[in-house]
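Chains as they are written, first to last, in my numbering: chain A, 1 to 114; chain B, 1 to 113.
These are calculated hints, taken from the structure and not from any lab test. There may be inaccurate statements among the hints.
Claimed, not checked - For each label pair, taking beta carbons as the anchor points, the in silico distance ranges come out as: (1) E15(B) to G77(A): 20 to 26 Å; (2) P61(A) to N53(B): 19 to 25 Å; (3) Q97(B) to S112(A): 24 to 30 Å; (4) T95(A) to G16(B): 35 to 41 Å; (5) G16(B) to S67(A): 47 to 53 Å; (6) K14(A) to T69(B): 51 to 57 Å; (7) E30(A) to S74(B): 29 to 35 Å; (8) S74(B) to Q17(A): 41 to 47 Å; (9) G51(A) to S74(B): 22 to 28 Å.
Claimed, not checked - Cut-off 30 Å, straight-line C-alpha distance, at most; resulting in silico cross-link-like pairs (BS3-like, lysine-lysine): (10) K9(A) to K42(B); (11) K9(A) to K57(A); (12) K42(B) to K57(A); (13) K42(B) to K71(A); (14) K14(A) to K71(B); (15) K71(B) to K57(A); (16) K70(A) to K42(B).
The beta carbon of each residue, even a glycine, is placed where N, CA and C say it ideally should be.
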Amino acid sequence: NAGVTQTPKFRVLKTGQSMTLLCAQDMNHEYMYWYRQDPGMGLRLIHYSVGEGTTAKGEVPDGYNVSRLKKQNFLLGLESAAPSQTSVYFCASRTGGYSNQPQHFGDGTRLSIL
Amino acid sequence: GESVGLHLPTLSVQEGDNSIINCAYSNSASDYFIWYKQESGKGPQFIIDIRSNMDKRQGQRVTVLLNKTVKHLSLQIAATQPGDSAVYFCAENTNNQGGKLIFGQGTELSVKP
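Isolated chain B, as found in the complex:
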């Protein structure tokens, strides 16, 4: 069935370290992927996206890597800060149902000062 899953449900890092959050997706037809950050009591906030014709995209302190061969996504956060503490979701756009996003379970990132 459809699924986008995360390997690690929780991740604890030291402030200043780099964080890596992983995601596996199952739909090889998906052509667009998004990482969202969700803080407590808030809606998902867009972080970065990547199209399937790319294998890497960089933003401010964040990098997304896409490996289509093994259907794997990762989000790298450089110099992790306490404000990065949140739940991170990967989502894939299937181009079905108006561009429905399939979300993973989420990874909770905890940054220790």
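Chain A with its partners taken away, still in its complex shape:
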């Protein structure tokens, strides 16, 4: 059971380039999330999805887009990368509803924008 898998693990981009981060979960979870983690800070929510075909903005959505075409996958896109988007990106998933279940995290994608 792989849990939450993120690809790639590392990436270096130039300002203005675009890329997509992939998150896959094999736990049949309804809810999926993208967070970013910056040095000395906790995780901040970028976008989230409460089910296949749905997405919504979190607290820091600017500069990012997401898609949830399949239940097991949640994609995070950067259309025009900026140095301020240098960060570690974590994907998480959990069961749906207000069941107060923990979110389970992948091991992150380390992204540097030059």
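Could you slot chain B onto chain A? The hints should help.
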């Protein structure tokens, strides 16, 4: 504003001692709290959780205490081991934005042999 903060950014303990990591939260409407452990180069790993209708919950070597009166959480680790060295985050579930978790800054636990 929203915040979940930790009183101590770093904590150094001797192997075998007990560790206590503290956390203050600000949203009195939060009803679910989680402690995560994050090792270098890894994602946050679930340790233990607690619902707001409880004030204590125990796991294997870990205990979480919740004091809703003063909006305070603590994580107690018994007989701390070198493998416990990591950054520990508390997080609160606001039931907003799909169950967004608000994370604290984190406390780095260092265990000396």
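Now the hints, each set against the structure:
Hint check: E15(B) to G77(A), Cβ distance near 45 Å, so the stated range 20 to 26 Å is violated. A hinted range of 19 to 25 Å for the beta carbons of P61(A) and N53(B) is inconsistent with their spacing of about 33 Å. Evaluation of the 24 to 30 Å hint for Q97(B) and S112(A) yields a pass: the beta carbon distance comes to about 28 Å. Look at T95(A) against G16(B): about 37 Å separates their beta carbons, and that is inside 35 to 41 Å.
Against the hinted window of 47 to 53 Å, the Cβ-Cβ separation of G16(B) and S67(A) comes to about 49 Å, which satisfies the hint. Here the CB-CB span from K14(A) to T69(B) is close to 52 Å, well matched to the stated 51 to 57 Å. Distance hint check for E30(A) and S74(B): the Cβ-Cβ separation is about 31 Å, which falls inside the suggested range of 29 to 35 Å. The hinted range of 41 to 47 Å is satisfied by S74(B) and Q17(A), whose Cβ atoms lie roughly 44 Å apart.
Range check, G51(A) to S74(B): Cβ separation about 35 Å, and the 22 to 28 Å hint is violated. A hinted pair counts as satisfied when its Cα atoms are at most 30 Å apart, and K9(A) with K42(B) qualifies at roughly 11 Å. At most 30 Å may separate the alpha-carbon atoms for a hinted pair to count; K9(A) and K57(A) meet this at roughly 24 Å. Straight-line distance between C-alpha atoms of K42(B) and K57(A) comes to about 25 Å, which keeps the hinted pair within the 30 Å bound.
Annotation: proposed proximity of K42(B) to K71(A) holds, straight-line Cα distance about 24 Å (limit 30 Å). Taking the CA atoms of K14(A) and K71(B), the gap is about 44 Å. The hint is violated against a cut of 30 Å. The straight-line distance between the Cα atoms of K71(B) and K57(A) is roughly 28 Å, inside the 30 Å bound, and the hint therefore holds. Restraint check for K70(A) and K42(B): the C-alpha separation of about 25 Å stays at or below 30 Å, so the hint holds.
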